[in-house]
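So the protein lines, in turn, are chains A and E. In this text, residue positions in the first sequence follow our numbering: the first is 1, and each later residue adds one. In this text, residue positions in the second sequence follow our numbering: the first is 1, and each later residue adds one.
The hints are simulated quantities; they were obtained by calculation from the structure and are not laboratory data. Note that CB positions come from ideal geometry on N, CA and C, so glycine has one too. Heads up, a few of these hints could be off.
Listed next, with one range per pair, are the computed distances between beta-carbon atoms [what the hints assert, rightly or not]: (1) E:L52 x A:L159: 25 to 33 Å; (2) A:S158 x E:V155: 43 to 51 Å; (3) A:L159 x E:L272: 50 to 58 Å.
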Amino acid sequence: MQASSDSTLPRSASPQTTVELAAGRPDGGPAVSVEGLRKSYDEIEAVRGIDFEVASGETFGFLGPNGAGKTTTINILCTLVEPTAGTARVAGHDVLSERRAVRRNIGLVFQETTLDNYLTAEENLRFHAELYAVPKDQTGERMRTVLDMVGLWERRASLVSTYSGGMRRRLEIARGLLHSPRVLFLDEPTVGLDPQTRASIWGYINDLKGREDITIFLTTHYMDEAENCDRIAIMDSGRIVVLDTPEALKAGVGKDRVQIQTADDQAAIAALRERFGLEAAVHDGAVTIAVPDGEEFVPRLFAELGVPIRAVRVARPTLDDVFLAHTGATIRDAESSGNAMNRQMAAVFGRGR
Amino acid sequence: MATQPATLERGLIAVRLPDSGLRQDVRAVKIVWHRELIRFWRDRRRIVTSLLQPVLFLFVLGTGLSSIASTGSVNLRTFIFPGALGMAVLFTAVFSAASIVWDREFGFLREMLVAPVRRGAIVFGKCLGGATVATFQGLVMLCLAGVVNVPYSPVLIITLIGELLLLAFTLTAFGVMAAARIQQVQSFMSLFQMFLMPLFFLSGSLFPLTNLPSWLAVLNRLDPLTYAIDPMRRAVFSHLNLTSATRHRLVPGVTWWGWHVPTGVELAVVALMGLAMLAIGIARFSRPE
């Protein structure tokens, strides 16, 4: 194996080289690996034992409502919070025992802004470069690169206090990239931004994949954003409920979502149970049913329901449905009920299909 | 907007960070210090506003009370001058330390705390920055020396700057130590409102340490500011033409149970307190959540 590794297994490194490679460029080893991770605050268990790996170069997303444990997990991976139990390695380094090595290899964009508004964009980047010890002869060029990337080079001499929310977020992304991290953590990178700005932020993130050798680890509670990820872990109440590619997750649901607006939702739900043998529930203000073939189902529905229908919507499975199928709530339900929603609704979208 | 300049090709742009070590920590100290100076310059109004109080004390109190003060041949304003210098430093140093709480509230502290440098480097840089800025403020105050009959002697000025720097560092360390535990600017400010004036009044900035009642003498000896104001006043008075009796009455020096504390020991007390508070501050900031 050792002898043939050069020709047949170019990506597997011998133990000696792993150390060296792990400190610098991606080597094919996982960018992030987590085992049995737990974090409790007094009586609250924010993270309840999660395991996962993120491959080098992957865009990996944590999807879940607020309070699901996403940010706590990111904070552990960034060495800001110590886990109660379990281990986590980032860029090959342990988050507890090799804190400084982890920090050198990660870039961070937090939910809340962490810029100094009284400094210019350039000064903010310069500060970062010095803290991360970017070689002095490369700082200028690298600053230009990252500022160009997010379209802020022309505004580099302006005070950050004059920036819009979207510009600040872009500057934070640029700053997170300044020291060429192996893993870029984006905690809700577009929260609080308008749809147009969100789209442009995603433009920059997707662009980045083509330019830098980088693993992106993000959290979001926007379903449409999660679609940009190579793989998604759906997190709920401190656990990973499912982890796969967006396509596989959607295929796994296997059912279309039919939503109807009726004059009497309760009667409609009862009628669906009696006449069609279907379990329905109200989600996002509409009676929601999951059926294998939505378009063929709708004519029958109109003919046999016996409750007047005002509007109907048929949708292919989305990540929303995946979330619903695995947690028994839509992400908006989960947010509005502060996560304490009763989850027997899971029956509506049968598990394990 | 999303232009793609030719320089953005793969590989060209990646930087490699050197291994972590002392040099990286020194760079961190330098940039944290530098930021403090940039922000101070950008907020020049602060230079004026934080001079207002010491100037009021020096000229209004110093002039108004001079008719009833028995300072003999020495003008009361001259007597208060070292205290006014200390006051200028006190306010600026504590204000600088407050910016840590400010940074925490506005998120920037996080940018510093996740950096791959020792937390000590960041706390130390902050203390140095605060000390520099506060000393500068003291220096502006020092320019008024001639107005209150204190000669512009180079030796005196250098001595005073050195003593101001030491005091400024200790006071910033004091503020930083407190800031490590405080989440909101408001609570920091109200806490220091409570501390600043007693610190100033008990330090003997406004009165000689002769014949104090014992309760005041005890409180005075416990005030760290005492050990910085007294050396500064000694330095100023050594450059004035006075009879030794007057000097003895106005600048008796600090005593511990009758022992006359020399200037060197006084300054060492200030330095040690500063270092102790710096150490506590670093320990507090180094603890992860």
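Hints versus structure:
1. E:L52 x A:L159: 25 to 33 Å: With a Cβ separation near 26 Å, L52 of chain E and L159 of chain A satisfy 25 to 33 Å, so the hint holds.
2. A:S158 x E:V155: 43 to 51 Å: Once the Cβ atoms are compared, 46 Å apart, the range 43 to 51 Å for V155 of chain E and S158 of chain A holds.
3. A:L159 x E:L272: 50 to 58 Å: violated (40 Å)
In the structure shown, a violation is registered for the earlier hint numbered 3 alone.
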